[in-house]
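Protein chains: 2
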Amino acid sequence: MTTPPARRGRPGYDLESLLQVAVKLFNERGYDGTSMEDLSRKLGITKSAIYHHVPSKEELLRLSVDRALDGLFEVAASTEQLDGRAIDRLEHLVRGSVLVLADRLPFVTLLLRVRGNTKVERSALARRREFDRFVTDLVKQAEAEGDVRPDIEPAVAARLLFGTVNSLIEWYRPRRGSSGAELADAVCKMAFDGLRA
Amino acid sequence: MTTPPARRGRPGYDLESLLQVAVKLFNERGYDGTSMEDLSRKLGITKSAIYHHVPSKEELLRLSVDRALDGLFEVAASTEQLDGRAIDRLEHLVRGSVLVLADRLPFVTLLLRVRGNTKVERSALARRREFDRFVTDLVKQAEAEGDVRPDIEPAVAARLLFGTVNSLIEWYRPRRGSSGAELADAVCKMAFDGLRA
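Chain order of the listed sequences is A and B. The opening position of the first sequence corresponds to residue 7 in the numbering used here, with each subsequent residue numbered one higher. The opening position of the second sequence corresponds to residue 7 in the numbering used here, with each subsequent residue numbered one higher.
Keep in mind that the hints are not guaranteed to be accurate.
[Unchecked claim] Here are the simulated lysine-lysine pairs, DSS-like style, with alpha carbons at most 30 angstroms apart: (1) Lys195/A x Lys125/B; (2) Lys30/B x Lys30/A; (3) Lys146/B x Lys195/B; (4) Lys125/A x Lys146/B; (5) Lys30/B x Lys195/A; (6) Lys48/A x Lys125/B; (7) Lys30/B x Lys125/A; (8) Lys30/A x Lys195/B; (9) Lys195/B x Lys146/A.
[As the list claims (entries may be wrong)] Simulated restraints on C-beta separations: (10) Arg179/B x Asp76/A: 41 to 51 angstroms; (11) Gly36/B x Asp20/A: 27 to 37 angstroms; (12) Lys30/B x Gly36/A: 37 to 47 angstroms.
In case anyone wonders, no lab produced these hints; they're calculated from the structure. Just so it is clear, the structure is predicted and the values come from calculations on it, not from any experiment. Beta carbons are placed, not taken as given, at the ideal position from N, Cα and C, and that holds for glycine.
Chain A with its partners taken away, still in its complex shape (with noise of 0.2 angstroms):
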């Protein structure tokens, strides 16, 4: 066996430690707002040096947005995959989602700030709807069942569910050592059973 050659020069990047400090800038100051120029300085690279990595700002957002989708839609197919009733798939769903969201939180951040300008946005948003779908159908199972509450309708129980979760990206930070998984119970417990005792 070979080992690879070291790197020589300063330490450089690839194209996950480039997407980290993009997503990051988006964030910061919007996708518009942010030019390849602003992340050629941030990084200390020139802008060919980026562009050895990735053909476009557009490709950026893609690459970051996708990072967030996949990752709930991940958790989408394997509720799909759970028998058994739909309630115990949707909270599956919920909490799955909010461990995405800790674990990939600067890509979910941004992918929630998306308004559609461009067609990497227009397909976020797209990807955003039908994942939306999958809960209200998820919802409406459950309560044809008879395990959710009949008095909220179906679209307004889902977008409660995941405007909660949701919201989480305006104070969550996460901690070294924690999975989230704190926070996912607290969601699940508040969302399915509430917080009266």
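Mind docking chain B on chain A? Use the hints.
Positioned in the frame of chain A, the structure of chain B alone reads:
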């Protein structure tokens, strides 16, 4: 009794209607991204006609966020007047806050997007923190009285509650004749008693 003379020429703006247009524009383009020039173009009046009503763009921001904050603090004040258990006062506070949000949607939306770059913004953030402390104290009291589940930290419960309330700005659009009371009901049902049947 005398009647005021009829207004001449094209309809003008009073401070209130000017504010309605300004807050809409701030929400669309961001406060920083909106100039008095933009506002005068949108209104179809000169900048000096705007300055007749209000001395600066920052004053428009102050009036707008105060419209939201004053509503929330009126609800807090009426909550403090109530006797009885803290959980009931907390529910009164949540319900009243949803009604303020539904009634003053563009103003609350602007308030929740304020990030603190100017004196007015910093002062708005300070009042928001004061409101948050009020909520957290009420959750603590309710927990001490045994009415809130003890397995969620009061500060987390307070944030989840108002995360749910604040998330309404993302999707709620008032309909004619709707007071937001149904929405307030749905929020209180989910947050205090849970979605589970």
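To see whether the hints hold, each was checked on the structure:
A C-alpha spacing of about 39 angstroms is found between Lys195/A and Lys125/B, which places the hinted pair above 30 angstroms, so the restraint is violated. Annotation: proposed proximity of Lys30/B to Lys30/A holds, straight-line Cα distance about 28 angstroms (limit 30 angstroms). Between the alpha carbons of Lys146/B and Lys195/B the distance comes to roughly 20 angstroms, so the proposed pair stays at or under 30 angstroms and holds. At roughly 47 angstroms between alpha-carbon atoms, Lys125/A and Lys146/B are farther apart than 30 angstroms, so this suggested pair is violated.
Distance check on the hinted pair: Lys30/B and Lys195/A sit about 37 angstroms apart at the alpha-carbon level, beyond 30 angstroms; violated. Our distance criterion of 30 angstroms between C-alpha atoms is met by Lys48/A and Lys125/B, whose separation comes to about 28 angstroms. Of the supplied pair hints, the one linking Lys30/B and Lys125/A holds, its CA atoms being roughly 25 angstroms apart against a limit of 30 angstroms. Between Lys30/A and Lys195/B, the direct Cα distance comes to roughly 37 angstroms. Violation of the 30 angstroms bound is thereby established for this hinted pair.
A threshold of 30 angstroms between alpha carbons decides the hint, and for Lys195/B with Lys146/A the separation of about 17 angstroms falls inside it, so the pair holds. For Arg179/B and Asp76/A, the Cβ-Cβ distance of about 30 angstroms falls outside the hinted range of 41 to 51 angstroms, so the restraint is violated. Range check, Gly36/B to Asp20/A: Cβ separation about 33 angstroms, and the 27 to 37 angstroms hint holds. At about 19 angstroms, the beta-carbon gap between Lys30/B and Gly36/A misses the expected band of 37 to 47 angstroms.
Hint violations for this structure: numbers 1, 4, 5, 8, 10 and 12, all remaining hints satisfied.
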